[in-house]
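**Q** Chains as they are written, first to last, in our numbering: chain A, 6 to 312; chain B, 6 to 312.
To be clear, the hints were calculated from the coordinates, so they are not data collected in a lab.
The model shown is predicted, which means the values in this text are computed figures rather than measured ones.
Among the hints, erroneous ones may be present.
Given that identical chains are not distinguished, each listed pair holds provided it fits within a single copy or across any two copies.
[Stated by the list, open to error] Capping the alpha-carbon separation at 27 Å, the derived lysine-lysine pairs in DSS-like fashion look like this:
(1) Lys235 - Lys217
(2) Lys59 - Lys284
(3) Lys246 - Lys72
(4) Lys308 - Lys217
(5) Lys32 - Lys235
(6) Lys34 - Lys235
Number of protein chains: 2
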Amino acid sequence: MSGIQVLLVAGTHGNEINAPWLFEQWKQKDSLINTHNINIQTVIGNPVALEQGKRYVDRDLNRSFRKDLLLSSDLNAAEHFRALELVSEYGPNGNNPCQIAIDFHSTTSSMGSSLVVYGRRPADLAIVSLIQNHLGLPIYLHEGDNAQSGFLVESWPCGFVVEVGPVPQGLLHFQIINQTLLTLDSCLKEISNVINSKTVYPEQLIVHRHLKNIDFPRDSSGVPSSLVHKDIQGRDWYPIKNGHPLFESLSGDLTLLLEGGLEEEFVPVFINEAAYAEKNIAMSLTKKEMWDVQKDWINDLSKLLNP
Amino acid sequence: MSGIQVLLVAGTHGNEINAPWLFEQWKQKDSLINTHNINIQTVIGNPVALEQGKRYVDRDLNRSFRKDLLLSSDLNAAEHFRALELVSEYGPNGNNPCQIAIDFHSTTSSMGSSLVVYGRRPADLAIVSLIQNHLGLPIYLHEGDNAQSGFLVESWPCGFVVEVGPVPQGLLHFQIINQTLLTLDSCLKEISNVINSKTVYPEQLIVHRHLKNIDFPRDSSGVPSSLVHKDIQGRDWYPIKNGHPLFESLSGDLTLLLEGGLEEEFVPVFINEAAYAEKNIAMSLTKKEMWDVQKDWINDLSKLLNP
Chain A
6 MSGIQVLLVA GTHGNEINAP WLFEQWKQKD SLINTHNINI QTVIGNPVAL EQGKRYVDRD
66 LNRSFRKDLL LSSDLNAAEH FRALELVSEY GPNGNNPCQI AIDFHSTTSS MGSSLVVYGR
126 RPADLAIVSL IQNHLGLPIY LHEGDNAQSG FLVESWPCGF VVEVGPVPQG LLHFQIINQT
186 LLTLDSCLKE ISNVINSKTV YPEQLIVHRH LKNIDFPRDS SGVPSSLVHK DIQGRDWYPI
246 KNGHPLFESL SGDLTLLLEG GLEEEFVPVF INEAAYAEKN IAMSLTKKEM WDVQKDWIND
306 LSKLLNP
Chain B
6 MSGIQVLLVA GTHGNEINAP WLFEQWKQKD SLINTHNINI QTVIGNPVAL EQGKRYVDRD
66 LNRSFRKDLL LSSDLNAAEH FRALELVSEY GPNGNNPCQI AIDFHSTTSS MGSSLVVYGR
126 RPADLAIVSL IQNHLGLPIY LHEGDNAQSG FLVESWPCGF VVEVGPVPQG LLHFQIINQT
186 LLTLDSCLKE ISNVINSKTV YPEQLIVHRH LKNIDFPRDS SGVPSSLVHK DIQGRDWYPI
246 KNGHPLFESL SGDLTLLLEG GLEEEFVPVF INEAAYAEKN IAMSLTKKEM WDVQKDWIND
306 LSKLLNP
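Here chain A stands alone, though its shape is the one from the complex (with noise of 0.2 Å):
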């Protein structure tokens, strides 16, 4: 086995119990997943909010991880504490340190199963297109979003989020472990390859680059005046034009994408997530694009795993 160490999140958010639950079944039943001869840590990450129930206790733990915040003296959330304590334990630098950091996520919205990385840092960039290439799933790339920031695997060098859905919070979904369990299989299965140079890369990463967030049109109050529209609920990674219809209040007052040339096409993703509403985010815009995989994304992540 490499020096090499994998970190396995569930539970980030308290209230998406289904990854927790695998890794639960998994703790009592080795053979379960296939590590792929990986070395593995597997953490909840917010085991006070997974026992409440709830998302989080005091503020969302995977917006907890800025560096400027870490570093600050002045903490009092539950879950600044808590992300310090993961780093210190399971970061690069931590007393059982790892490389890679993935965090099982699930999703009210129809995400089906999704990877979402945050920025566009190479060692990301490489491991995502290795499993796009495998199981060919959407990629959300986040950036330039300043009103949300200080996710999770950032604080690892290498790091993405596993989003899949969609599944009611606090419901467990036979479907939503399949989908989790073949993914970490495929996770860990292309770890592996890079860790003995057995990949193959693809030629090209499609990735479904974030552009904006869109609220709901809201009343003077801040309640929504107006709902998700029948004809883009559930239908995350759909492509839609200028003109589609994205809300509709209860006089039949649409609201429409007014975005882009006639032809122009933008895809929503997280539509009508319930965890979103208190960030004032109905759904977000992205542009689906082609990237050539780059050799400096293969360098920097065989560097990181192949030291």
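The hints should help you fit chain B onto chain A, whose structure is shown.
**A** Okay, now just chain B, sitting in the frame of chain A:
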């Protein structure tokens, strides 16, 4: 207008946010809902829990209306006080008395639009027979379940629950809102017909009579060891027979329905409702029955609404 008042309750569970949103829209625009010339009182069942986005504060409000508890001097849960408050304000002998209570819920189960009645109170059976005759929706008759008691509507002389799903908790959904709106309209229309002696009762009422709750298979520490089988997930109201798979473990172990003869049909409801896991209910089993509409049902409802 007659002196009859109908109490419409939303947000009895604080994370079922669709009906509360609909009531809020209604407040802003009177014409949204046709009251069919009935006196209406609307109220948010559990406003504190709604504000906090959770099902309840201390205990399930919709299990907090047990008469012995409400008469006890030893109350301590927030929901017991709220139950007392609702009854003393809107109860049949309250400051602002209502004769019928309709309690609007949503569920993560695929219940469609459906009604729930508790026990076999004649006036309840009469009114739901009229609504079923109008909309064709299924009715779950909950009875003989000692572990589940103290439902809100039982504190009124007549009352029932409207359940609409599937929808995750904490998520506004256009279709769920529209289903709620349509059912609400039918409820008010039929009550108005009774008040105005314009009813045409059907000959029969179709009920799905509660037989038993079925829990997840659990390991020694109480964690579910199997999940709802994919052939039954989302299949509320579809009949199943002896031998039908109910649960499946990750190792492929099946738990089958072992009930009744080879040809006997049972109908599962509230399959994988997120909030029921803590109540050890993975689904409830019912029996579909056709009951003749009885004269005493009609008389009881008529006496209540035309005193």
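**Q** Work down the list of hints and note, for each, if the structure agrees.
**A** Hint check:
1. Lys235 - Lys217: For Lys235 and Lys217, the Cα distance is within 27 Å only inside one copy (21 Å; across copies 36 Å).
2. Lys59 - Lys284: both (16 Å within a copy, 17 Å between copies)
3. Lys246 - Lys72: neither (38 Å within a copy, 58 Å between copies)
4. Lys308 - Lys217: Neither, since 33 Å and 59 Å both go past 27 Å.
5. Lys32 - Lys235: between (41 Å within a copy, 24 Å between copies)
6. Lys34 - Lys235: Classified as between; 22 Å across copies, 42 Å inside a copy.
Hints 3 and 4, counting from the list given before, are not met by this structure.
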